[in-house]
Structure formats: structure tokens, C-alpha cells
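One-letter residues, chain by chain:
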Amino acid sequence: MSNLQNSLTTELRRGTLTLAVLSQLRTPQYGYSLAQRLESCGITIDQSTLYPLLRRLERQELVTSTWDKTESRPRRYYVLNEYGTETFEQLKNEWEKTSQELYLLLKGENHDETN
Amino acid sequence: MKLIDLYIQEVTRRLPEELREDIALELRSTIEDMLPEEPSEEDVKVILSQLGNPAILANGYLDRPMHLIGPKYFDVYTSLLKIIIPITLTISLITLIGKTIVTSTGEEALYSIIFSIVSKGIWQLLITGMQTAFWITLIFAIIERTDKVRDNIPLTMNFKKWTPDDLKNISYIPKKKAITKIHVFGSFLWTAIWASVYFNASSLFGIYESQSDGFKFISSAFNQEVLFSYWPLVTLVIVLEVAFAIYKGFARQWTKKVAVVNALLQTTILVAFIVIISNNELWNATFLTYINETAQYTEQVKNWAYQSIIVTFVIFTVIDIIEGFRKSRITKKYF
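Residue numbers (this note's numbering), protein chains in the order written: chain A, 1 to 115; chain B, 1001 to 1335.
These are computed hints drawn from the structure, not numbers from a lab.
Hints are supplied without guarantee of correctness; some may be wrong.
[Stated by the list, open to error] These stretches of chain B come out as covered by chain A in the derived footprint (C-beta under 8 angstroms, 3 or more residues):
| id | segment |
| --- | --- |
| 1 | 1052–1064 |
| 2 | 1124–1136 |
[Stated by the list, open to error] Straight-line alpha carbon distances no greater than 30 angstroms define the calculated BS3-like cross-link-like pairs of lysine-lysine that follow:
| id | chain 1 | residue 1 | chain 2 | residue 2 |
| --- | --- | --- | --- | --- |
| 3 | B | Lys1148 | A | Lys92 |
| 4 | B | Lys1082 | B | Lys1177 |
| 5 | B | Lys1082 | B | Lys1327 |
| 6 | B | Lys1256 | B | Lys1175 |
| 7 | A | Lys69 | B | Lys1045 |
| 8 | B | Lys1002 | A | Lys69 |
| 9 | B | Lys1072 | B | Lys1082 |
| 10 | B | Lys1082 | B | Lys1181 |
| 11 | B | Lys1176 | B | Lys1248 |
[Claimed, not checked] Not everything, but these chain A residues come out facing chain B in the computed CB check (under 10 angstroms):
| id | residue |
| --- | --- |
| 12 | Gly42 |
| 13 | Ser48 |
| 14 | Leu54 |
| 15 | Arg55 |
| 16 | Arg59 |
| 17 | Arg76 |
| 18 | Asn81 |
Note that CB positions come from ideal geometry on N, CA and C, so glycine has one too.
Isolated chain A, as found in the complex:
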């Protein structure tokens, strides 16, 4: 892929990152487990973007975090709170609407080409 295509793709995906992260926080996750879950679904997110993003979501009061220091390695768990769940549902609806509209637009394009 050319440089331009790369940067356009990154731009296209950037807006969906918050939604992707929120979707995985219905159950408590720590940094590494979250990164792995996203990766297994094919979502690539820079590590240097992910950890600050989690802190930001906490500052915006969408997620709450707790330290689990009982195991050999201390881990910081993040989970959606009530406001976060509500926001996530709204974002999800918005995304579904947008993707359907875009789907129609893109399908229309194909249709025109075949004519």
C-alpha cells in the first residue's frame, strides 16, 4: 500500500478505536488482555495509543479502574461503569446507522459502474 493509502486507512480506523475499546470493557480487562482481545479480532491499535486512551476514558468517567495486587504481578483492571455503558450503547447505535448508510452508498456506486 502506498503512503497515502496507509494514512487514509489509519484515519478511517482511528475514529472507531474508542468504540472498539469500549466494547471489550463490559467485563474487566487489564492492558495486555485488552490488547490481545482486540488483536484476535483483527483490530490493530498502537500500544502507545491504547494505554493513554484507557486513562482518558477513566478521566472522562466512562470506565472505572482498580488495582489487583493479590497475584504475583499487579494489574490495573478497567471496566465500563453505568455512564460508560450508556455512552457505549449510543455510540454503537450511531456506528450501526453510519455503516448501513455507508453500505448503501458504496453499493450504489457498484450498481452505477455495472450499468
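With chain A's structure known, arrange chain B on it following the hints.
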């Protein structure tokens, strides 16, 4: 392990004190999660390169702009720079020229005064320009960092968001009709130069003789007392010129009114010039004798020189007046 410690230190030293410990702990546990059992140095390097530049990571935590002046303030910032820098440059240049000419004793030749103005001028303009740019940039960088609303919507010159009403403050000016800022500043500069030269003419213009220890000032060309005696007339011209330059600055384009005022001013200047130059006492007697001795200076040559100077002046004045009216007639064109 050493590399991980250093990496975490590189990130946390960029963060505020209260966040450091917490983020360091989380980063360490994350890095250890990513590493296999008994990691080699290569393994550590792979993981750290995934985390990327510590400065970028730290900045992500800070949620603070990594630029000095962002999109919100960029337009106001550059516009203000373009307005303020020419003003400070003009003021500092006028001050320098005035000071150098007024303090000249008549001991040094005219070219050495000009040389001193040019060499000092370049240096002074550079410093003034940098100083102005520095302070404006500093003020904007502080505003940018204290602004809590980070919406990246560019502001207009009144520091508010753009509305269509802002268009009412703009007048459409065709390029050929416009009076540029450079023209206005040039007018100020010109007035400052000739006024300082006029009141110091006797120590600037004259006969210099080449001697072993450089140039020696033999005789002044002008009678400074005669030049001074016209001070009310000259001051009137200075005041009118400055007032007209300010007026042009506000008008921003050639209108019929500007052209008429220009015609009146140019005629006044012409009359003043002829009155002063026609005074027989204007030239220093020693100077005239010296010219008489060295060059074949006859009454005829003198008259011829006088007439051609006056005719040249009249021609330039007429051209200037006509040009003003021509520009004022250029009509607006909307594209």
C-alpha cells in the same frame, strides 16, 4: 531489565509527579505481560519498539498539545505577526536613522553615515524582528496552553468564532487600487529620513577633501540658519505628510477623496520646495567660492541647474497627482 527501567523512566519523567508511580507500575506489568519467560535483550527491544517513542507515549497520557500554536490560534497568530512586525520594524528604523543623523557632528562624510545606518540597520531590524516574533509567539503559546476549550476551530481577529457577519468588516479592494501597508510605512520612513536630513543638512552635505588621515570636512554646502528659518513651513509639511500617511492607512484604497488630498499635499510640498530653493542665501558662500574655483561655475550654469531641478520636481509632482486620480477611478470588479 535495565532497558525496561530506563524506558519507564523516560516516559514518567515527562509526566506530572502525581501520575508517575501509578503509570510506571502499570507500564511495568504490561511490559512483563508481553514478555516471554526468561526474556532475552532482543525480546525486550521488540516489545519496547512496539510501545514506541517514550515522548509520544508520555504525551498521550498528558493530553496536551504537542505543538506550539495549534489550528485554533494559527490564523490570528500569523495575522497579528504580519501587522505588528512591520510596525515595530518601521519604528525602530526611523528611530535609528533619526538618532544617527542628529548625532552626526559633520566630522564624518555622508557615505560613512549612510554606511553606519545600513550596517546598524540590518542588525537592529533583525533583533527587533526576532524580539517581536518571540514575545508574540510566547503569548500565544501560553494562551493555547491555558485555554480549556480545545475545539481546534480557528478564531477570527476578534478572538471569536467566524460568523457571516464578519464579512461586513471586510471591504473588497482591487489590487491596483489598494494602498499597501508597505506603502504607508514607506511614507513614514521617507518623511523621517528627509526631515532628519533637512535639519542637519549643513553637517551632512559639503566639501570633503581626501587627506592622509581620511576625509576632512572643508565647508558645508548649506547655510543651516537659512534652512532653520523655514522651520514653520517645513514642520507644516512634515505634519501634513504624516497625517496623510495615517489617512491612507485607514482609507486602504485610492478614492477620489484620497486623490484630491494627495494633489493638495503634493502642491504644498512643491511650493515649499521652490520657496526654499529660491533663497539666494541658501548656499554657503565658502561652498560657492570653492565650486567656482574648482569647476567652471558660471551664472548661466547656476540658472540652468536651478531650472532643471524645479522642472523635474514639477514633472514628478504632476505624475504623482495624475497617478492618484487614475487609481481612484479603477472600478470594483466582483468575480
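Now for the hints, and whether the structure bears them out:
no.: 1; hint: 1052–1064; verdict: holds (count 7)
no.: 2; hint: 1124–1136; verdict: violated (count 0)
no.: 3; hint: Lys1148/B - Lys92/A; verdict: holds (28 angstroms)
no.: 4; hint: Lys1082/B - Lys1177/B; verdict: holds (21 angstroms)
no.: 5; hint: Lys1082/B - Lys1327/B; verdict: holds (25 angstroms)
no.: 6; hint: Lys1256/B - Lys1175/B; verdict: holds (17 angstroms)
no.: 7; hint: Lys69/A - Lys1045/B; verdict: holds (27 angstroms)
no.: 8; hint: Lys1002/B - Lys69/A; verdict: holds (23 angstroms)
no.: 9; hint: Lys1072/B - Lys1082/B; verdict: holds (18 angstroms)
no.: 10; hint: Lys1082/B - Lys1181/B; verdict: holds (10 angstroms)
no.: 11; hint: Lys1176/B - Lys1248/B; verdict: holds (15 angstroms)
no.: 12; hint: Gly42; verdict: violated (17 angstroms)
no.: 13; hint: Ser48; verdict: holds (4 angstroms)
no.: 14; hint: Leu54; verdict: holds (9 angstroms)
no.: 15; hint: Arg55; verdict: holds (6 angstroms)
no.: 16; hint: Arg59; verdict: holds (8 angstroms)
no.: 17; hint: Arg76; verdict: holds (5 angstroms)
no.: 18; hint: Asn81; verdict: violated (19 angstroms)
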